[in-house]
Amino acid sequence: MKLEKKVALITGASRGIGKAIAIRLAEEGAAVAVNYFQSSNPARETCDTIVAAGGKAICVQADVAQPSKVKDMVQTVVTELGPIDILVNNAGIGRPSSILETTMADLDYMVGVNLKGTILCVQAVSGSMMDRKYGRILNITSLAAMGTTFRGTSAYAATKAGLIILTKRMAMELGPYGITVNAIAPGFIRTDGVRQGLDRGILSEAEFRVREEDFCKRAMLGRAGDPEDVAHAALFLVSDDASFITAQTLTVDGGRMDLLSYSA
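First residue of the sequence shown: 41, per my numbering; consecutive thereafter.
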């Protein structure tokens, strides 16, 4: 029970990686707030799974790109569960296209959720953490931010790369208050988002298998990841086991080898 008596808010936790993190933190004793934007039924299913296992969870709806909605969300969590000890900024969006075809609407949307949303959530919870001299903040970025060779993700990768430098800057500003800020960069993880987010439509099972096999060949471990692989790493970084680790980005990718780099 590494997180007993802790309160955790996980954004975008109705499914995929966010859901796995919410369940894993609850297994270790945290009271969990499951944030969602539109997927209310999956969010309730996540909460039901946690409660059925003996944990405590609530669902909170909010668009993390909207300041007033974030403020209301945090107030709801504090009222129902208590002061927030752990914030996992998992909510993210990708709009695939080449850099020459990326629309400003798509770019604004990705910046709004992936960067602005992270800043707004940190602003909303950090005051209480600073007062209590304790806090754990975890940002979910992407291996795309490291320069993978997968095409059609340039603008998305730029927002996720911005999240990495934000992690370092937030860690620097909040470190004196006993708050750690780290990030995880997942590689190819089997989620619904992978099936549809990369191609603006649902991939057939055959198409998905081809995509998965291709990514497996690029990984040293020869397999794709599961949401639970990311959740285990998240648990470590938000627990007191990682109390002397901050400003770091941990890749959870099975040892991917398809990175764009001209450095040694």
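FYI, nobody ran anything at the bench for these hints, they're computed from the structure. Quick caveat: nothing in here was measured; it's all calculated off a predicted structure. Treat the hints with care, since some could be wrong.
List of simulated lysine to any residue pairs, SDA-like, C-alpha gap at most 20 Å [what the hints assert, rightly or not]:
(1) 208 x 273
(2) 156 x 45
(3) 109 x 99
(4) 156 x 231
(5) 257 x 218
(6) 257 x 245
(7) 42 x 284
(8) 173 x 284
(9) 156 x 174
(10) 45 x 122
(11) 173 x 106
(12) 111 x 78
(13) 109 x 68
(14) 42 x 77
(15) 208 x 231
(16) 96 x 116
(17) 109 x 167
(18) 111 x 152
(19) 257 x 295
(20) 45 x 116
(21) 45 x 279
(22) 208 x 257
(23) 96 x 69
(24) 111 x 99
(25) 42 x 272
(26) 109 x 91
(27) 111 x 93
(28) 42 x 96
(29) 45 x 166
(30) 208 x 198
(31) 109 x 122
(32) 96 x 106
(33) 257 x 284
(34) 208 x 186
(35) 96 x 80
(36) 208 x 174
(37) 96 x 133
(38) 111 x 155
(39) 173 x 211
(40) 109 x 163
task: Output the numbers, in ascending order, of every earlier hint that fails for this structure.
output: Hints 2, 4, 5, 9, 11, 13, 14, 15, 22, 26, 27, 32, 33 and 37 not satisfied by this model.
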